[in-house]
Structure formats: structure tokens, C-alpha cells
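J.: Letter by letter, the chains look like this.
Protein chains: 4
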Amino acid sequence: MIVVMQKGASKHEIDHVIQRVASLGLKPHPIVGEERTVIAAVGEKREQHKEALENCAGVAQVMPILAPYKVASREVKSQPTVVTARSLRIGGGNVGIIAGPCSVESEEQIMATARAVKAAGATGLRGGAFKPRTSPYSFQGMKENGLKLLAQARDATGLAVVTEVMATEDIPLLERYADVLQVGARNMQNYRLLEAVGKSSLPVLLKRGPSATMDELLLAAEYILDAGNSQVILCERGIRTFETHTRFTLPLASVPYLQAKTHLPIVVDPSHGTGHTYLVPRMACAAVAAGADGVMLEVHPNPEAALSDGYQSLNFRQFDETMSLCRKVAEAVGRRI
Amino acid sequence: MIVVMQKGASKHEIDHVIQRVASLGLKPHPIVGEERTVIAAVGEKREQHKEALENCAGVAQVMPILAPYKVASREVKSQPTVVTARSLRIGGGNVGIIAGPCSVESEEQIMATARAVKAAGATGLRGGAFKPRTSPYSFQGMKENGLKLLAQARDATGLAVVTEVMATEDIPLLERYADVLQVGARNMQNYRLLEAVGKSSLPVLLKRGPSATMDELLLAAEYILDAGNSQVILCERGIRTFETHTRFTLPLASVPYLQAKTHLPIVVDPSHGTGHTYLVPRMACAAVAAGADGVMLEVHPNPEAALSDGYQSLNFRQFDETMSLCRKVAEAVGRRI
Amino acid sequence: MIVVMQKGASKHEIDHVIQRVASLGLKPHPIVGEERTVIAAVGEKREQHKEALENCAGVAQVMPILAPYKVASREVKSQPTVVTARSLRIGGGNVGIIAGPCSVESEEQIMATARAVKAAGATGLRGGAFKPRTSPYSFQGMKENGLKLLAQARDATGLAVVTEVMATEDIPLLERYADVLQVGARNMQNYRLLEAVGKSSLPVLLKRGPSATMDELLLAAEYILDAGNSQVILCERGIRTFETHTRFTLPLASVPYLQAKTHLPIVVDPSHGTGHTYLVPRMACAAVAAGADGVMLEVHPNPEAALSDGYQSLNFRQFDETMSLCRKVAEAVGRRI
Amino acid sequence: MIVVMQKGASKHEIDHVIQRVASLGLKPHPIVGEERTVIAAVGEKREQHKEALENCAGVAQVMPILAPYKVASREVKSQPTVVTARSLRIGGGNVGIIAGPCSVESEEQIMATARAVKAAGATGLRGGAFKPRTSPYSFQGMKENGLKLLAQARDATGLAVVTEVMATEDIPLLERYADVLQVGARNMQNYRLLEAVGKSSLPVLLKRGPSATMDELLLAAEYILDAGNSQVILCERGIRTFETHTRFTLPLASVPYLQAKTHLPIVVDPSHGTGHTYLVPRMACAAVAAGADGVMLEVHPNPEAALSDGYQSLNFRQFDETMSLCRKVAEAVGRRI
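Residue numbers (this note's numbering), protein chains in the order written: chain Z, 1 to 337; chain B, 1 to 337; chain A, 1 to 337; chain H, 1 to 337.
Simulated from the structure, these hints should not be mistaken for laboratory data. Please note that a few of the clues may not be correct.
Any copy, or any two copies together, can satisfy a pair, since identical chains are not distinguished.
As the list claims (entries may be wrong) - Calculated pairs, DSS-like style, for lysine-lysine (alpha carbon to alpha carbon, straight line, at most 25 Å): (1) Lys-7 with Lys-261; (2) Lys-27 with Lys-70; (3) Lys-328 with Lys-77; (4) Lys-118 with Lys-27.
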């Protein structure tokens with residue numbers, strides 16, 4: 001941690017900060033510059049309340065040096081984590097493809113979709129049974145019946161079922177049907193839920209909140225890792241910006257950034273990341289080119305009639321074409337789908 | 001809902017959309033313009049999947065006309081909602097002041113703070129017992145012991161206790177000690193939690209998520225209202241923008257905007273909204289001038305030693321001065337603290 | 001400047017950075033921490049290319065310590081700058097009110113507006129003659145004829161004319177008619193223009209660009225100051241965020257922040273900052289409560305017929321009411337309008 | 001344009017709006033819904049002051065239907081524009097590669113770079129002679145001497161010179177040395193400059209401002225097209241968001257979005273778009289995969305010693321490797337470099 005004193009801070013103020021730093025168990029290291037004094041605090045242990053030093057008299061700012069996450073860091077584990085669940089394999093050069101409808105709507109819908117995405121090369125099946133919806137008046141999912149249909153689709157195809165968990169109390173039920181628990185963007189900082197999935201034996205796909213920094217995403221992952229579950233997949237699904245022609249802004253530089261900082265694999269969701277079907281295929285290719293460990297895509301037999309997210313879903317033909325392109329791009333950058 | 005067709009959309013495509021609109025139970029109303037055809041759909045019922053029409057061939061865009069929220073709307077209830085809890089009164093010209101530490105840390109700390117803020121004119125006491133922290137390594141709160149201390153402070157001062165609920169399973173415990181349940185910014189779209197506090201008999205203070213639009217905030221409130229709890233206070237606590245000199249950006253225009261759209265009272269939190277102690281007093285005044293129904297402030301006996309949020313907490317003297325100013329500003333704009 | 005080395009950086013890499021720091025004329029000051037080595041570089045001179053050190057092998061990040069601006073800084077000049085132009089006085093406890101139409105449209109319009117805003121207490125008259133418009137198809141202003149009408153309004157009322165300069169080549173013309181040159185938000189980083197107004201004898205009102213950080217705003221001011229013009233007024237007019245119910249987001253914490261960092265006065269423009277007439281009066285009050293040195297407001301005799309910005313203009317009655325409120329708020333916080 | 005009336009708007013208010021719409025030369029088309037009346041205005045002509053209708057009594061909101069740009073639109077010209085300048089060819093399946101240093105620093109530097117990027121496959125040479133710098137204390141470029149060196153490098157390699165124009169008065173000078181005029185992000189809405197380059201015979205590369213919406217970018221292009229220059233290249237170089245680990249956020253979905261809306265080619269700049277050398281190669285690949293018509297890259301013989309932008313520049317070896325990868329990705333998606 002670096003404490004920058006104000007220009008003209010008094011000796012008394014500087015001494016007080018040095019003392020406070022020491023009282024936090026850190027070694028203070030004052031550096032007297034031309035314009036101001038800076039106090040480096042060595043031995044940082046990541047407790048965040050040190051920022052309270054900002055409130056000492058004469059302090060201009062406090063700058064942390066260390067990344068706030070630890071177990072998720074590549075400095076702690078340099079080898080990439082590979083997450084597997086049935087036919088799904090994500091990380092270490094494998095680009096996993098998780099595809100399926102936003103919501104499970106009917107047996108016919110989910111079975112047809114599972115077969116179509118499997119045929120086109122997907123290795124995971126997405127589909128919501130418990131749906132967090134912005135409006136209480138929107139379709140909230142088929143609940144357990146949806147889970148049963150997902151399991152049926154998995155049995156028929158071998159695809160790993162990836163489905164969202166909205167609350168701690170649902171975990172036991174979900175564990176009976178799912179292969180991967182998804183924590184949605186809105187729950188990225190629902191810490192109780194993170195701790196709970198951290199105790200599950202299933203891998204967790206953790207979606208980035210639309211205003212979460214990458215540090216916050218890694219700290220959310222840290223909650224899961226810290227609770228004992230090492231099988232965490234990060235998912236970039238777009239952040240919120242001023243641009244409204246796309247529903248979210250999909251910042252693919254998060255892929256190489258995160259891969260430099262963490263050993264956890266990172267999947268990209270161009271469906272939520274763009275919010276419009278016609279933008280999805282190209283952004284799926286771009287995600288693979290950026291080095292994503294997986295791509296997550298919304299696919300529906302008839303998007304214009306979907307009960308949710310139809311505006312960003314691919315139909316079967318579009319998914320098939322997208323997969324062909326992604327496969328070629330993966331080869332071009334030395335990866336395999 | 002307005003469906004805008006692409007320039008050059010075929011008669012077949014237009015007819016298909018008209019048919020789809022009718023099949024959703026709406027009355028289609030095509031308008032043939034010079035450049036393109038627009039289809040107004042009358043009888044909108046707020047189901048969101050109508051946006052799936054965007055995926056019909058020939059459609060350029062789908063624009064909703066109605067606000068997506070209903071019960072929270074001032075169109076449904078024109079009189080402002082006034083929320084009361086012990087000495088706290090928010091709405092209808094009363095500016096409630098909720099003050100206290102970020103976290104309850106000790107009996108001495110919370111009792112001293114409660115007395116000091118009461119003396120300076122606060123009507124509510126904030127204080128976290130269950131703390132959602134970005135990092136799993138940060139102080140997570142005193143849990144039930146913290147709640148007991150809050151209740152003790154309330155008994156001594158008459159201040160209404162406002163404290164955060166992090167999970168559905170904690171609600172019964174919190175109801176034994178708290179007067180107002182706070183849903184934090186990170187949980188603004190934790191719908192299961194919203195439904196659960198919607199069944200509580202306590203008022204709810206709902207904080208805006210840092211990337212939530214005002215529509216989304218109102219829809220989150222709608223979850224609570226829809227579950228049966230009409231005592232909802234909205235709280236503006238800053239949004240995330242590119243500016244980093246302030247930890248968040250506090251958009252006070254949300255106060256008059258929301259007051260125009262909803263009957264629910266709106267409180268402003270300049271502590272989280274700015275993230276730096278020296279910015280808080282002026283922004284508290286500005287919030288009152290903007291017409292806020294309440295102000296929420298972090299106060300600590302010794303901010304530089306606080307276990308959380310010290311960098312944005314006022315000490316007792318600063319709080320006292322802030323209250324004097326706010327009181328004058330409230331008078332200036334015809335309100336009372 | 002603080003250079004943070006990667007964990008595990010080699011001695012060779014560390015030595016190379018120490019050498020590079022020294023070769024930039026700075027005194028390197030290595031600090032060996034538990035996890036990594038940090039090199040403080042003392043004697044910083046604000047040349048920005050030092051960030052190129054980020055590209056040395058083994059470097060994790062480079063953190064500047066000093067603010068990048070200098071002449072604008074309160075550390076260099078602690079007394080607030082007061083800018084005056086005819087009846088307009090901004091800074092040092094005086095809240096200047098600059099009001100008028102977005103564009104000068106006719107003699108009748110500008111004369112009536114000048115008289116009305118003068119009567120209600122304005123001290124400056126705004127009005128565009130050269131209009132930067134997002135679309136080439138929008139009304140572009142009356143050009144020199146508009147300037148003549150502004151001067152005529154000034155002669156009739158004594159109000160200081162504040163009008164926008166779009167290009168270096170227009171400055172001599174503008175200097176014949178205007179009292180304050182406004183640099184618009186879109187030109188905040190048009191450095192050639194900044195240098196040119198820096199050579200003018202007129203004060204300059206510099207609007208913050210909608211995505212400019214406060215550091216960038218101060219650096220833009222620095223261009224003007226550096227060219228010799230010390231009469232610079234900063235103007236907060238809103239930043240661009242994801243929230244679209246307001247056209248921009250008006251971050252009033254920039255007022256106390258900037259006042260802590262710079263001696264230059266700061267004016268707030270709630271018309272552009274909100275983009276909707278009904279939000280303007282309250283945000284004008286909030287700006288005054290936040291300590292703004294001035295407020296800039298769009299006023300039009302008949303907003304619904306305005307050639308530009310009608311949606312955010314006050315009519316005369318609304319302006320009058322806003323002024324009454326602002327005056328009371330100014331008194332409440334110890335300032336005068 | 002759709003004018004949405006407030007719920008409960010009076011007949012008088014509705015009639016007034018209908019009249020106002022008609023007085024603007026549009027055909028009003030009222031639609032009486034269950035909750036509110038909507039007035040569609042047919043015959044829209046893109047004059048923007050119609051939004052002033054928002055200020056009529058009883059109006060809730062005004063929604064434009066047509067895109068605000070015209071000549072740039074694919075609806076007006078469906079065939080993609082191909083821009084050529086010497087060996088550079090951008091658009092219509094050709095991926096142009098524009099590479100070179102941020103600033104021209106010396107003959108040795110620019111000649112070596114030109115040869116290296118040419119050898120690796122670049123077709124354009126970038127290099128700044130007039131540099132817009134955030135700080136007045138930063139290196140401002142070699143001015144005309146820099147231009148001469150660029151021309152010398154072009155003569156030696158055949159690469160097209162792309163260089164930034166900062167002010168109208170410099171255009172004649174630049175036209176003597178450059179092949180493509182670049183308008184920088186900070187000047188994207190410097191309309192006088194846009195009009196001036198619109199009269200040049202050279203192609204223009206127009207960079208997106210960091211807070212400009214895509215509509216605003218297209219409207220800025222419209223200024224150039226409208227002035228008579230049809231050779232416009234759009235450049236996505238990143239937008240400003242809350243994420244600071246990357247200097248800007250590079251939103252590649254703007255590539256397919258813009259290609260759907262405009263016939264103008266679009267180039268991506270991953271150097272500015274990410275701000276860190278180690279993120280550039282992957283984002284260059286992603287840009288090509290997303291369908292970009294060109295990529296613009298900062299290359300320097302020795303980035304750690306660069307006078308500007310060293311932190312985001314590739315060295316020769318890194319550029320060479322990036323080109324190999326990009327070439328493969330281009331093939332994978334059916335394009336050629």
C-alpha cells in the first residue's frame with residue numbers, strides 16, 4: 001500500500017500515518033519527494049480497512065499495490081484450471097460450447113434444441129428453469145419441471161446441463177438435475193449464494209455483473225474458491241455502458257486480461273453481450289479469436305415466439321453456421337472446439 | 001408497443017408482424033410512412049417477451065411505450081407514500097435522516113454514535129450487522145451480536161434501526177431487532193430476497209444497484225410491492241461511471257425524476273455516493289436541495305480506525321455541522337428535517 | 001511515480017528498471033516487499049511518457065503519484081480565482097447566474113429573454129450564434145447576425161454575453177461582441193482552440209466533455225492557463241452514463257472535488273446536465289447547495305417552439321421561480337446570488 | 001416520430017400536439033390506446049428541433065423513428081464503400097493493416113518501423129506529426145519535419161501515410177505529405193474540422209470519440225460526406241467505461257452493428273482500445289474475426305523508450321506474430337489481409 005501525503009503535510013501528520021501503518025502490522029517506508037512525502041507500507045495482507053487511513057489528517061490518497069484476490073490469482077497457481085462436466089471441457093486449449101434456450105418452455109422445445117446443438121457441436125446445454133426476471137410480470141421459468149426436462153435432454157444427448165441457481169435454498173434440488181450451477185450476473189455479489197455454491201460438488205459458472213470490475217469478478221470467484229469449490233468458470237456477458245444500440249457492451253479484452261491474472265477459464269456469452277441475434281455470430285467468432293475458453297449461446301427453435309430473450313437467440317440454422325465459423329477461427333488461433 | 005419495420009420490408013413481412021401482434025392479444029395499427037411502415041400495438045400488457053418480435057423478418061426495432069412498472073407508478077397512486085418507523089418519517093415533506101456507522105463494531109462505538117446522531121437530529125440509526133463485502137477477507141460484521149447492540153442503541157435513543165438483510169433465511173432474526181430492512185445495492189436484483197422482504201411487516205429500504213437503470217430500480221421495488229409490502233423506500237447511492245476520483249457518481253437528478261414517476265419516497269446516500277468524507281457534507285445539502293425525502297450518512301466516532309468505510313464516514317463534529325447546513329437548506333426549499 | 005514489479009521479477013529486470021528510472025532524471029528508490037518489489041521514482045516532472053516503463057520486462061504496473069496538472073492546481077495558487085465580466089461575478093462566494101436561449105433566433109426572442117432573465121436576477125446572458133450540432137441537418141445558428149443581437153441585448157441590460165466559439169478563426173469576430181468565450185463540451189480537447197482562447201483577453205468558460213475525467217478537464221484548463229489566460233471558468237454539464245432517462249448524468253460531487261483541487265471557479269449547467277425542463281429547477285438548487293460558483297440555464301420565451309434544446313429550456317415564469325429558490329438556498333449555505 | 005401523451009392528458013392537450021405536429025409539416029396520426037394516446041407523426045424530415053414538442057403540456061415523451069443520419073446509411077447506398085490509397089485497400093473483403101508509431105520521433109525510428117511493418121504485411125503507415133496530447137507538458141510532435149519523414153518512409157516502402165490533422169489551418173500542409181487524413185477521437189465532433197476535411201481530396205479516417213454513440217459517429221461522418229468527400233473510413237478505438245484495467249473498452253460489436261447500418265468501412269484500433277501491449281495481439285485477431293475492414297496498430301522499435309504510447313505499442317517481433325495470426329483468422333472468416 002502506498003500512502004500519498006498532501007503537499008505541505010506537517011511532520012506531525014506524517015509521523016501519525018507512519019505510526020498508524022505500523023499499528024496495522026505493516027512496515028512503513030517513508031520516501032521524501034520534492035513535492036510530497038509518500039509512505040510505502042510493506043507486508044500488505046489485503047485487509048481492506050486500511051483505506052481508512054485516507055481519513056488521517058494530511059493524507060491525499062491511499063493506493064493499494066496488491067491485487068485484492070489471492071486464490072484466483074495466477075501468481076498462486078500458474079497452471080490453467082480445466083473444468084469438465086460430462087462432454088463439456090473448458091480451459092487448457094479446449095473451447096467449450098454451451099448452447100440452448102434462455103428458458104425451458106416445453107419438452108418439445110428443449111429436446112429439439114438439445115439435439116440440434118449437439119449435432120452442431122455443442123458440449124453443454126444451457127436452459128433456465130428458475131429465471132431471474134427484471135419484471136415480476138415476466139415468465140419466471142418452469143421450476144422443477146424445467147429441471148426434469150433438462151435432465152431428460154441430457155440423458156438423450158450426453159450434453160452437460162448448465163442452469164441457473166437463484167437462491168441458496170434451491171441448491172439441493174438443482175444438484176439432482178444439473179451438471180454445472182450458473183450464478184447469474186444479478187447475483188454475482190450475492191455472497192451468501194456464492195458461499196453456498198462454494199460448498200457444492202458441482203462446477204460453477206459465474207457471470208460477471210454488468211457493472212462489476214474485473215477485480216470484483218475475481219473477488220466473487222474468490223468467495224467460491226475460498227468455500228472449497230475449485231471448479232469455477234468465469235463468464236463475460238457484457239457490461240453496461242452509454243451505448244444502447246447493443247443491449248450491453250461486450251468487452252472482449254477481458255478475456256486476455258483475465259487469462260493473464262487468473263488460472264480460471266473464461267467463457268463469453270455473446271447473446272447477452274450484444275442483445276441482438278444478428279450481432280451474435282460475429283461476436284462468437286471474435287470471442288474465440290480473443291482466446292475464450294468457451295462460448296455460451298442462446299438457441300431456440302423459433303426465436304420470434306420465445307418466452308424470453310427471443311431477440312437475441314439464434315435459430316438452429318444460424319447456430320449451425322456460427323459453429324462452422326467458430327471452429328475455423330479456433331483452428332486459426334491454435335485451439336480446438 | 002411500436003414495431004418499426006425496415007425500409008423496404010415486404011408486404012408479406014408486414015402482414016406477418018400484424019398477425020403476430022394480433023396473436024399476442026393486441027390490436028395492430030399499421031401506419032404507412034414515407035420511408036417505412038410502423039405498426040402500433042394497442043392494449044399493451046407489459047409482458048416482455050413481445051420484444052421477441054424483433055426477430056420477425058423485416059423488423060427494424062421494437063419500442064415499448066408503457067413504463068414496465070405498474071404498482072410503483074404515480075399513475076396508479078398519485079399521493080406520495082409516507083414511510084414511518086418509530087421516530088423516522090420519510091416522505092410527504094419530511095426529510096428523514098438515517099445516520100450511523102457502516103458496521104456495528106462494539107457496544108461503545110454504536111452507543112456513542114447513536115447518542116451523537118440523535119443529538120444532532122437524526123431520526124434513524126444505520127449500522128450493519130451482516131455485511132456484504134467485496135472481498136471474502138474483509139470484516140463480515142458482528143452478526144446477531146451486532147443486531148443486539150443496535151436494538152440496545154434504539155432502546156436508549158428511540159431511533160429507528162435500519163440494517164441490511166443479506167439473505168432470505170436471516171429475515172426472521174432481523175425482524176426481531178430491526179425497524180427497517182435494508183436491501184443493499186448488490187442485492188437489488190436478488191429477486192428471491194425481494195419477494196421475501198415483500199412478505200415482511202417491516203418497511204424496506206431498497207438501494208439502487210450501481211448499474212441499475214431507474215426503471216430497473218422501480219421494477220425491483222415492484223417485486224416487493226407485488227408481494228404485499230407497501231412500505232418501500234428507494235435509495236439512490238450512486239452509479240458506476242468512468243470517473244474514479246469519486247468512488248461512485250451520485251446522480252441527484254434521479255430524485256426529481258423518480259418523484260415524478262413514483263409515489264415511493266427516495267433517500268440519498270452521499271457517503272457511498274461519493275466515497276470520500278470531504279465530499280459528503282456538500283452532497284448531503286445538495287440532496288436535500290434536490291428534494292430528497294431523506295439522507296443516509298455514515299458516521300463513526302473515529303473514522304480513521306473504522307473496520308469498514310472509514311474513508312467515507314463523518315466524525316461526530318462533521319455530522320453535526322452537516323445537519324445544521326441540511327436543516328437550513330431544507331427550510332429554503334420548503335421541507336422540514 | 002511508483003513502478004510495481006511482477007511477483008518473481010528477476011534481479012536483472014529490477015536492475016534494468018532502476019536504470020531506466022535514473023536515465024529519466026529521477027531518483028529510483030527500490031522497496032523490497034514480501035510479495036514483490038516496488039520502485040518509487042522521486043523527482044517526478046509530469047512528462048507522461050514515463051508510463052512507457054510499463055513495457056519493460058517484469059513490470060506489473062506504473063502508478064503516477066502527482067496530479068498531471070500544475071498551474072490549475074490549488075497547491076500552486078491557494079486563493080480562489082474570481083472571474084468578472086461586466087455584471088457577472090463568479091467565484092469567491094458569488095454565485096453567477098448565466099441564462100438565455102440555446103440559440104439566438106431573432107431580435108424579439110433574445111431581447112425579451114435578456115430582459116426577463118435580468119429582471120429575475122441573472123448576471124450573464126448565454127446564447128449561441130455559432131452552434132455545434134450533432135447533425136449537419138440541424139439549425140447551425142445565426143452566425144454574426146446572432147452576435148450582433150447578443151451585443152444589442154447586452155447594451156440594453158448590462159448582462160455579460162457568454163457565447164460559444166467553435167473555431168480558432170472565429171475568435172477575432174467573437175471578441176468584438178462577446179464578454180466571455182465559451183468552449184463547448186465537444187471541443188474540450190480541441191487543443192488548438194484551447195491555445196487560441198488562451199491568447200484572448202476575454203475570460204473563457206470551459207465545458208467538461210461528457211466523457212472527460214476531472215483530471216482531463218483540469219488539463220484542458222491548463223492549456224488555456226499555460227497560453228497566458230488566467231480567467232478560466234470550469235463548467236460541469238453532465239457526463240455520459242448508461243442512464244437514459246436523463247440525457248446526461250449531472251455529477252454534482254465534481255463541484256466540491258474540483259474546488260478542493262483547483263482555484264478556478266466552477267459553474268453547473270443543469271439544462272444540459274439533465275436534458276428535461278422539469279428536472280432543471282431542482283438541480284439548479286442542488287448545484288447551489290453543492291457550492292457551485294455559478295449556474296448556467298437555458299431560458300426561452302416559448303420552449304415548445306425553440307429551434308434547439310426546447311426540451312430542456314425554462315420559460316420565463318419557470319426561470320423566475322427557479323431563481324427565487326436558488327437565492328434562498330444560496331443564503332442557506334452562506335453564499336450570495 | 002412518435003409522441004406519447006401522458007396518461008390522463010386532456011383532449012385540449014392532445015389537440016394542441018396534433019396541431020403542432022401538423023404545423024411542422026408532418027401528418028399527425030393519433031392512436032387512442034387503453035392507457036394513453038400516442039400520436040405518430042408521418043413524413044419525418046430529421047430536423048431535430050421536433051423534440052421540443054416534449055415541452056408541450058401533457059406530453060410524456062417524444063421518440064424518433066428514423067435514424068438521424070442519411071448519406072452514411074446503407075439504406076441510401078447498399079454497396080459497401082471501398083477506400084483506397086496507394087497500397088492500402090479498406091472495405092469489400094479487404095482487411096487493411098495500418099501500422100506504425102504513435103509519434104514520428106526520428107528518421108531512424110520511422111524508416112525502421114516502415115520497413116518492418118511493410119515486411120510483415122502492413123499496407124498503411126501510421127505516425128503522428130501533430131499530436132493532440134491530454135497534457136500541455138507532453139511531447140507535441142515533430143510537426144512538418146515529422147511529415148517529411150513520413151513522406152520519405154512512404155517513398156521507400158509504398159505504404160500509404162495515415163496521419164492526424166488537428167486543425168483546419170493545417171490541412172494544406174498535411175495534404176502535401178499524407179495519403180489519408182486522420183481525425184482523432186477528441187476532434188470527432190469538431191464540426192468545422194469535419195467540414196474542412198470534407199472538402200479535401202484525401203480519404204479521411206474518422207475515429208470514434210470515447211463517449212460518442214454510434215449514431216453520433218455516423219452523424220460526424222455525415223458532416224464529411226455532406227461536404228463532398230465520400231472516402232470516409234470509420235475507426236472504433238474504444239469507449240470510456242468504468243473498467244480501468246484496460247485504458248478504454250473496445251466494443252467489437254460496433255463492427256457488425258455499423259456494417260449493418262452504413263456502407264462505410266470500419267477499422268479497429270486495438271492499441272488505443274486496450275492501452276496495454278499484451279492485450280493487443282488477441283484483440284487484433286478478435287477485430288478481424290468480428291469482420292473489421294481494417295486494423296490499426298501502434299508499432300515502435302523500442303516501446304519502452306517511446307516518447308508517447310509506449311505502453312500500448314508492439315515491437316517488431318510482436319507485430320510480426322500478430323500479423324501471422326490475423327492472416328489466419330482473416331482466412332477463417334473469408335477475408336483477406
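J.: For every hint, state whether the structure bears it out.
T.: For each hint, the structure was consulted:
Taking the shortest alpha-carbon separations for Lys-7 and Lys-261, only the inter-copy value of 12 Å comes in at or below 25 Å, while the best intra-copy value is 35 Å. When the C-alpha separation of Lys-27 and Lys-70 is checked against a cutoff of 25 Å, the pair qualifies only within one copy, where the shortest distance is 21 Å, while the shortest distance between copies is 32 Å. In the homo-oligomer, the alpha carbons of Lys-328 and Lys-77 never lie at most 25 Å apart, since the shortest distance is 31 Å inside one protomer and 32 Å across protomers. Taking CA atoms no more than 25 Å apart as the test, Lys-118 paired with Lys-27 passes in neither setting, with 58 Å inside one copy and 40 Å between copies.
Hint compliance for this structure: hints 3, 4 are broken, all remaining hints hold.
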